[in-house]
Structures are given as structure tokens and as C-alpha cells.
Amino acid sequence: MRIIGAGTREDHEYRELHTFWTVPNLITVLRFLAVPLFVWLVVRGDYLEATIVLAVLGSTDWVDGYIARRFDQISSVGKWLDPLADRLAMIVVAVTFFATGIAPLWLLLVLVIPDAILLIYAMVLFRGIPDLPVTYVGKIRTALLLAGTPLLLLHRALEPGHEWLQVLAYVLLVLGCVGHLAAWWGYMRAARLKHRTLRSALGDDVPEARAHE
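48 is the number that the working numbering gives to position 48 of the sequence shown; each next residue is one higher, with no gaps.
Heads up, some of the hints might be wrong.
Unchecked claim - No farther apart than 25 Å at their CA atoms in a straight line, the calculated lysine-lysine pairs in the DSS-like style are these: (1) 139 to 79; (2) 79 to 194; (3) 194 to 139.
Keep in mind that the hints were calculated from the coordinates and are not lab data.
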């Protein structure tokens, strides 16, 4: 069974829906709305409950992608909403972990700084967020981070005597951070290439609004 790209129908010609109202998009919104519940549980010290919420958040990221591909519900909104919700949720999780002493500062910096640079770079080139396809490196990065963060929280819930959970969590998080940097560099190059292509196709005076197409 495929993990990445699960639900893909090889011989099917997908149509892109131009509506917000799809099941995957609703799942994405519900996933992000559950983030404040996660923060509240961590602040209260309810680490086991917070672990469960975080695990559910991570699994729904796979579920909405599966539904979109399996039931032909890929949408133009979902293409930018899903990765945006993932990135914002991961940043909130990292901030919460650092603020409560669960994770070190380097995890927060590695996740936030590259995203901030990419956002500024995109604003300079496109005056907005470019429509860049999600890469396999980006998907693997997200999967590693969504697996490592619940394990780190579970270690806090079950300590002492479960140090292997912390070791495994940090292995996954370090790999996820390496993947995050690799994905960031790939998106930076993709944004630059798209900008050059637009300028070559439409001339130097490219209407900025076209950058969103």
C-alpha cells in the first residue's frame, strides 16, 4: 500500500475543483481548529491527552490527501490550504513545545526561520504566495515531524523510564528538520524558476496578479 500519494488512481484523469466545499478541505480546517485545543492541553500539563490530539492531527493530514485523490476531490483551494495549515500548525506546536520546555530552541528556529525567509522571498518576487507544487521531500519532511512531535510529548506523559521514546522522537525530528531545510531550498529554487519563466513568457513588466495563476 502506498503511503505517499495514497489513494492515487493511476489511470484516472483528475479534475481540479474550484470550490472550497470539499470533504478534504473541511478536514483540513477542522485539523487546524483543533490546534488551540492541543495548546490548552499542553499548558494544563495534560500531556497524554495532548499526545492523542496531536496524533489525530497528524493522521488527518494523510486522511484528507487520501480522500482527495481516491474520490476525485482535488481542489485549487486545497492545494494551498493543506500545506499552509500544516506549516502553521507545526509552527504553533514548535512554539508551544519550546515555551513549555518540552523541546529545545533549535527545533523552533529550524522550523520558523526557513519559512520566514521563503515567505519574504515570495513576497518580493510575486507580491504574494506563489502556487508551488508540494514536493516528495516536503511530504516526507511533514510525515517525520508529525511522527516525532507526538513521541516527544508521549515521553513527557510517561516519564520516567521511557527514555527510548525521547531518543526515537529526536531521531525523527532531526531527520524532519534536515528534510525541512532540503524542502525549503527546493521551494526557493522553484520560486525563482517560476519567476524567471513568467518574466520570459510575458516580458519584464509582468503583472503581479499573474504570479498567482
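Checklist entry - Against which earlier hints does the structure fall short, listed by number upward? => result No hint contradicted; all consistent.
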